[in-house]
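The residues making up each chain are set out below.
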Amino acid sequence: MLIRQKSEIPSSEITPKREYMNRRAFMAAAGAGVAAVAGGRALRGLAKAAPVDAAEQLATVKSPLSTQGLALTPLYDITHYNNFYEFGVNKDDPAKHAGSLRTRPWSIKVEGMVSKKKTFDIDDLLKLRPIEERVYRFRCVEAWSMVIPWAGYSLSEFIKQCDPLPSAKYIEFTSLDDPKQEPLPWDAGIQWPYTEGLRMDEAMHPLTLLTFGMYGEVLPNQDGAPVRVVVPWKYGFKSAKSIVKVKFVKDQPLTTWNLMAPNEYGFYSNVNPNHDHPRWSQKRERVIGAPIWKQLQPTLMFNGYADQVASLYQGMNLDKNY
Amino acid sequence: MKQRWIVALKVVAHAACLGPVAWLLWHLYLSATSDPAALGPDPTHTVTFFTGRGTLRLLVVTLAITPIRRLIPKLSWLIRFRRMLGLYAFFYACLHLMTYVWLYAGFSWAAMVDDISQRRFITAGLAAWLLLLPLALTSTTWSIRKLGGKNWNRLHWLTYAAAITGVIHYWWGVKSGVKTPTTITVVLAILLLARPVLARRSAARKAGVARIPVG
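As you go down the protein sequences, you meet chains H and Z in turn.
Residue 321, in numbering that gives the first Met the number 0, is where the first sequence stops; the numbers in between run on with no holes.
Residue 214, in numbering that gives the first Met the number 0, is where the second sequence stops; the numbers in between run on with no holes.
Don't read these hints as lab results, they were simulated from the structure.
By construction, the Cβ of each residue, glycine as well, lies at the ideal position given by its N, Cα and C atoms.
Accuracy of the hints is not assured; some may be wrong.
To be verified - Pair by pair, the computed Cβ-Cβ distance ranges are:
hint: 1; chain 1: H; residue 1: Gln190; chain 2: Z; residue 2: Ala109; range: 37 to 47 Å
hint: 2; chain 1: H; residue 1: Ser65; chain 2: Z; residue 2: Pro35; range: 47 to 57 Å
hint: 3; chain 1: H; residue 1: Met259; chain 2: Z; residue 2: Leu191; range: 27 to 37 Å
hint: 4; chain 1: Z; residue 1: Tyr159; chain 2: H; residue 2: Asp186; range: 24 to 34 Å
As the list claims (entries may be wrong) - When the alpha-carbon atoms are kept at most 20 Å apart in a straight line, the in silico SDA-like pairs for lysine to any residue are as follows:
hint: 5; chain 1: H; residue 1: Lys293; chain 2: Z; residue 2: Gly207
hint: 6; chain 1: H; residue 1: Lys293; chain 2: Z; residue 2: Ser30
hint: 7; chain 1: H; residue 1: Lys319; chain 2: Z; residue 2: Thr179
hint: 8; chain 1: H; residue 1: Lys90; chain 2: Z; residue 2: Trp170
hint: 9; chain 1: H; residue 1: Lys293; chain 2: Z; residue 2: Thr32
hint: 10; chain 1: H; residue 1: Lys90; chain 2: Z; residue 2: Ala37
hint: 11; chain 1: Z; residue 1: Lys178; chain 2: H; residue 2: Ile189
hint: 12; chain 1: H; residue 1: Lys293; chain 2: Z; residue 2: Asp34
hint: 13; chain 1: Z; residue 1: Lys178; chain 2: H; residue 2: Leu258
hint: 14; chain 1: H; residue 1: Lys282; chain 2: Z; residue 2: Ser107
hint: 15; chain 1: H; residue 1: Lys90; chain 2: H; residue 2: Leu183
hint: 16; chain 1: H; residue 1: Lys293; chain 2: Z; residue 2: His26
hint: 17; chain 1: H; residue 1: Lys319; chain 2: Z; residue 2: Arg118
hint: 18; chain 1: H; residue 1: Lys282; chain 2: Z; residue 2: Ala109
hint: 19; chain 1: H; residue 1: Lys61; chain 2: H; residue 2: Leu206
hint: 20; chain 1: H; residue 1: Lys90; chain 2: Z; residue 2: Thr179
hint: 21; chain 1: Z; residue 1: Lys178; chain 2: H; residue 2: Gln190
hint: 22; chain 1: Z; residue 1: Lys178; chain 2: H; residue 2: Trp191
hint: 23; chain 1: H; residue 1: Lys90; chain 2: Z; residue 2: Arg52
hint: 24; chain 1: H; residue 1: Lys282; chain 2: Z; residue 2: Met111
hint: 25; chain 1: H; residue 1: Lys282; chain 2: Z; residue 2: Gly105
hint: 26; chain 1: Z; residue 1: Lys178; chain 2: H; residue 2: Val140
hint: 27; chain 1: H; residue 1: Lys293; chain 2: Z; residue 2: Leu27
hint: 28; chain 1: H; residue 1: Lys282; chain 2: Z; residue 2: Trp108
hint: 29; chain 1: H; residue 1: Lys293; chain 2: Z; residue 2: Leu102
hint: 30; chain 1: H; residue 1: Lys293; chain 2: Z; residue 2: Val177
hint: 31; chain 1: H; residue 1: Lys282; chain 2: Z; residue 2: Thr179
hint: 32; chain 1: Z; residue 1: Lys178; chain 2: H; residue 2: Asp186
hint: 33; chain 1: Z; residue 1: Lys178; chain 2: H; residue 2: Asp91
hint: 34; chain 1: Z; residue 1: Lys178; chain 2: H; residue 2: Thr78
hint: 35; chain 1: H; residue 1: Lys95; chain 2: Z; residue 2: Arg118
hint: 36; chain 1: H; residue 1: Lys95; chain 2: H; residue 2: Asn82
hint: 37; chain 1: H; residue 1: Lys282; chain 2: H; residue 2: Met259
hint: 38; chain 1: Z; residue 1: Lys178; chain 2: H; residue 2: Asn262
hint: 39; chain 1: H; residue 1: Lys90; chain 2: Z; residue 2: Thr45
hint: 40; chain 1: Z; residue 1: Lys178; chain 2: H; residue 2: Met259
So here's chain H without its partners, still in its complex pose (with noise of 0.2 Å):
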């Protein structure tokens, strides 16, 4: 047994299958002079990632969904900025600790009120639909925001393919939790498995996105590989990253930061600049890579979505169902 751990090469020196193949796909498409047909932009994003991280590309079409007019927060600060209490609870943790997360093999299992019981691998998902760059804004329960070009499908899409029973009103997402591969810090206050949940309407929303990558690449550990939801309406903790099952239910599902403190996150956390966190105001938000003197701006009403949303909590007391 010892032997056999010594011997075995660690998990950060092997190159994902994947990564290898894309690779040489670069490689022969170079050599074989057909490197316009790749397409312009995955090539320069291949020769400039391929020396530094060897990121993983992904092929991404344009979607109407995407928010215009936005300036990207860059690369570097979302890779370097994390909430992902698995690996630590300062912001800087997830990417100095994310390594050693394994993103394959991966599959999604699908349980609770379904006509059958069904497994995804990750990779028979990344091929279920073409894949969309969607820009979103992201806000934060902090009150900090980012702007994030993803890259996924909806979620309906995935969820049309579970083939839930009509009964079912709610989906609840699990993350991975596995000491193994992630340190569950002692300081973290919440409970493992980290879950989130969303009524069936919010999860069938087409804007909710079933996530993949970000910046034309798979997402970095850090932020949720190698799949994530992203709902870009709410704060950031109800997009749960490292999704390894997805469950439908009859009754609104326990979230792990509603579960923590009830007062403060509540199941359905949409961005909402007037109703104010018990501790901090919701009313303005950092933006982060902005100059200092320049971070601070107004939150808007469910993160600027409200024309497409808002139709979703008609009637609802939102300073009540926050």
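Here the structure of chain H is known, so what remains is to put chain Z in place on it, guided by the hints.
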């Protein structure tokens, strides 16, 4: 301790207290000129925690001087550093307050009144600063003489209140479940509990000395 050494150590202490501020100003300058990322992805947060933690750490160092002197009488000369360290704690607290007024409230009275009335962590922070204010104002030798040693000492018990309020402000400011203020809380608790314990010990010693001849 020779005067020469005290002077040298004071120079070191000034450098240790001002060095971080110089670092902060230098990075502010860098972020305004050549390197926008000099203060990290969230510069407001960086400056807030830098000045806030600096205040609490200096307060704790100030409060450590008396127990250390009680435990190790040879280090009694440390008292000559207490006022200076306390004033630096107040200096950091002022920087911290300015960070809030500028970067969070955007110099808006309305935003500040709203925050103070509704958000207990901001109220606690302001209270801690207000508790330090009279201490800073009465730090001159003239005020010690004017107040008289006893009154001055009594007034400066406010340091305990300020430190406790500051730590509460820290706990209320972080997200529920986050336990990063644990270390500073434990250190402060030890320093505060050490006082009655050490006082009783020295009282017992005196009593013991008095009893010995009887035995």
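Verification of the supplied hints:
| no. | hint | result |
| --- | --- | --- |
| 1 | H:Gln190 with Z:Ala109: 37 to 47 Å | holds (39 Å) |
| 2 | H:Ser65 with Z:Pro35: 47 to 57 Å | violated (25 Å) |
| 3 | H:Met259 with Z:Leu191: 27 to 37 Å | holds (29 Å) |
| 4 | Z:Tyr159 with H:Asp186: 24 to 34 Å | holds (26 Å) |
| 5 | H:Lys293 with Z:Gly207 | violated (66 Å) |
| 6 | H:Lys293 with Z:Ser30 | holds (12 Å) |
| 7 | H:Lys319 with Z:Thr179 | violated (30 Å) |
| 8 | H:Lys90 with Z:Trp170 | holds (18 Å) |
| 9 | H:Lys293 with Z:Thr32 | holds (14 Å) |
| 10 | H:Lys90 with Z:Ala37 | holds (16 Å) |
| 11 | Z:Lys178 with H:Ile189 | holds (11 Å) |
| 12 | H:Lys293 with Z:Asp34 | holds (15 Å) |
| 13 | Z:Lys178 with H:Leu258 | holds (17 Å) |
| 14 | H:Lys282 with Z:Ser107 | holds (13 Å) |
| 15 | H:Lys90 with H:Leu183 | holds (15 Å) |
| 16 | H:Lys293 with Z:His26 | holds (16 Å) |
| 17 | H:Lys319 with Z:Arg118 | holds (19 Å) |
| 18 | H:Lys282 with Z:Ala109 | holds (13 Å) |
| 19 | H:Lys61 with H:Leu206 | holds (14 Å) |
| 20 | H:Lys90 with Z:Thr179 | holds (12 Å) |
| 21 | Z:Lys178 with H:Gln190 | holds (14 Å) |
| 22 | Z:Lys178 with H:Trp191 | holds (16 Å) |
| 23 | H:Lys90 with Z:Arg52 | holds (17 Å) |
| 24 | H:Lys282 with Z:Met111 | holds (13 Å) |
| 25 | H:Lys282 with Z:Gly105 | holds (12 Å) |
| 26 | Z:Lys178 with H:Val140 | holds (18 Å) |
| 27 | H:Lys293 with Z:Leu27 | holds (13 Å) |
| 28 | H:Lys282 with Z:Trp108 | holds (15 Å) |
| 29 | H:Lys293 with Z:Leu102 | holds (9 Å) |
| 30 | H:Lys293 with Z:Val177 | violated (28 Å) |
| 31 | H:Lys282 with Z:Thr179 | violated (26 Å) |
| 32 | Z:Lys178 with H:Asp186 | holds (5 Å) |
| 33 | Z:Lys178 with H:Asp91 | holds (16 Å) |
| 34 | Z:Lys178 with H:Thr78 | violated (23 Å) |
| 35 | H:Lys95 with Z:Arg118 | violated (34 Å) |
| 36 | H:Lys95 with H:Asn82 | holds (12 Å) |
| 37 | H:Lys282 with H:Met259 | violated (23 Å) |
| 38 | Z:Lys178 with H:Asn262 | holds (19 Å) |
| 39 | H:Lys90 with Z:Thr45 | holds (11 Å) |
| 40 | Z:Lys178 with H:Met259 | holds (13 Å) |
Taken one by one, the earlier hints fail for this structure at numbers 2, 5, 7, 30, 31, 34, 35, 37, listed in ascending order.
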